[in-house]
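Enquirer: Protein sequence lines correspond, in order, to chains A and B.
Positions 32 to 340 (the working numbering) are the ones given, in order, by the first sequence.
Positions 27 to 414 (the working numbering) are the ones given, in order, by the second sequence.
FYI, nobody ran anything at the bench for these hints, they're computed from the structure.
Please note that the accuracy of each hint is not assured.
The calculated DSSO-like cross-link candidates involving lysine-lysine, where the alpha carbons are at most 30 Å apart (straight line), are [said to hold, decoys possible]: (1) Lys163/A to Lys152/A; (2) Lys177/B to Lys201/B; (3) Lys336/B to Lys201/B; (4) Lys155/A to Lys174/B; (5) Lys155/A to Lys177/B; (6) Lys177/B to Lys336/B.
One letter stands for each residue in the lines below.
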Amino acid sequence: MNWESWIIETVSRALIYGTPMLLGTLGEIYAERSGVLNLGVEGMMLVGALTGFAVAMRTGHPWLGVLVAGCVGAVFSVIHAFASITLRANQVVSGLALTFLGMGLSGVIGRAYEGLPLWSKLGKVSIPLLEKIPILGPAVFQGQYPLTYIAIGLAILMWFVLYKTRIGISIRAVGEDPATADSLGINVSRVRYLCVMVGGFLAGVAGAYWSVAYRTAWSGGMTAGLGWIVIALTIFAFWNPLWALGGAFFFAAMRVLSFRLQAWLPPELLNAMPYILAIVVLIVVSRGTLQKQMGAPSALSLPYTRGED
Amino acid sequence: MNKRVLLAAVLVVALAGAAFAAYEPGDDMTVGFIFVGPIGDYGWTYAHNEGRLAVDALPFASTVYVESVAEGQEGPVIDDLIAVHGCDIVFTTSFGFMDGTLDSALRHTDVIFGHASGFKRAPNMMTFMGDFYQVYYLNGLVAGALTKTDKVAYVGAFPIPEVKRHMNAYAMGVKAANPDAEMHVKWIYSWYDPGAATEATEALIADGCDVFAFTEDSPTVVTVAAENDLLSFGHYGSQMYQFAPNHVISGQAIDWGSIYVDFLQKVYDGVYTAQNIQNVDYWWLMSQGAVYPEAAPGVTLNPLFIDELKAYMIDDPVFGMISAFDLHNLRLAQFSNPGVTFDPFQGPISDRNGNIVVPAGMWLSVDSLITMEWAFENVVGAWPGEPE
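Same shape as in the complex, but just chain A:
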């Protein structure tokens, strides 16, 4: 059991396991940055997983399944957007309702698809030259799903957009102080709707990854709490897409390691390890000067009405 193969195995599995977490977190970051708390991630993921599986099975094109799953996730999230932005309902309740709706719908409609094998699944790829690099090559560039690289690219892109472009400034302004943003001519409603839909799209894609690539089957509730981890990871990443990269893969690495290390450490402890480490990191990072810059968007989960204080 040399340390080389350990590192390669762990990093490789962490990338595979962490991709849906990263995708979901990126989407939720945008939603929350615009001020809308969307607790419906689990429901959107399940709907996306079912859609992706069903479309991939019927059309034989897994990528089409992923795309349609994203669109369905976005449409699904409009329910929450309508309730929380236009109707100004309580966002926690609306998000949770979305979760249960997604779980129930996917369970009922998915019954016809349970237990069916998927032959047209997303395959793994290896990048030709880069995979020859010692240690880093097999760990990162060999036997990964293309969605993993897309997710990493998305994280960088979304970070850039959020911090370096006017669109990003609009989003952050809407999330921090919607009244001021409104007075500057930014359409608060539209920005929030779009961000929630981005969140829904990415949650749907994350769910599709789970059922079309990672575990090519569908069964009711198969994401098994992944949506809740995403919500926690959003906070863990301090609403920064780049930090989401680190957070998602760190968490995934801990989860993967918890199985490798079972021979030496008590399994119960290892099971809790990812969550304990997440708390430890949060405590360490929240202290000191970092705390000034990190923090939830000020208007998170507060509905905005023009003319109200």
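Starting from the structure of chain A, add chain B where the hints point.
Expert: Just chain B, lined up with the frame of chain A:
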């Protein structure tokens, strides 16, 4: 109190009495089922649902079911099944429902309860189980013969006696065929978690294992092993064979319907009532036809592996040189015979710490089987709750 109120009160009481009237032998019965997972899991709950369908086929019974009930949440669901659906009998199908079922049984003394895989009973609550340990022994025999790396693997759910019993039986089968082989174990702390099962299987593959058995309610381990061209045993029925027809050697299959139908027939005939089932404990094994090894429907061993099994010779202390194929079928015949002549847990057996857990000349009682905590000699890996 005027007459109208009195009449209404009498009606309510009468109706309530009618709603909760106890089941009479010979009447048609409504049977409720509480499942811990989705029917489509192709595992534990799927098998129970097949049993429910067997009950539905009975002329005197109709069924109602609720799936994906979390353990601990069964109380209100049971109340609903009784009050709204008029269930005369309720089956709860997971170990974690034990206390809730007992609680409900003591509150609804006219309703008959059956709890799967538990050990608490009441005058109106019986327990039932179709246990796989003989089947796991047979699977282990074959695994020990087919492993090329001398490392077989088991992905376990929770470290409870039921799972440990199955693991130990599997490990003993492995040892009988291959004294050099190790059995590596990983725990995922869930009955149903495809993600955890995937990562546990990948970890075992990284450890060098090449034959996989598991306790998890999805075909995940089978498919992950097959993706890496490794062999496995299907769990809870042969539906898992379709996911990897070239890699599933055999598996554990169960016919819950045999137990359900036997019990309900006795209720219908008035043999079992809501007062006399305190000591009714179905502990059904291969000889009652409740469990059996199966690769695909009607196929015990995958034909792809039969030649290899016939060529693998085992030096058995009782039978001499015998092929793995013949030993497997011999043990299968022994298990299927109601006059039991062999049990995997017959002494002498030592656990991996060197303690003698079954002395020579003795077998394990059902009580010892359902409270098992030790690990067999060739088990490698964490084993929470292991005695010193």
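Enquirer: Look at each hint and say if it fits the structure.
Expert: Status of each hint after checking the structure:
no., hint, in the structure
1, Lys163/A to Lys152/A, "holds (26 Å)"
2, Lys177/B to Lys201/B, "holds (11 Å)"
3, Lys336/B to Lys201/B, "holds (18 Å)"
4, Lys155/A to Lys174/B, "holds (27 Å)"
5, Lys155/A to Lys177/B, "holds (27 Å)"
6, Lys177/B to Lys336/B, "holds (21 Å)"
When the structure is compared with the earlier hints, no violation turns up for any of them.
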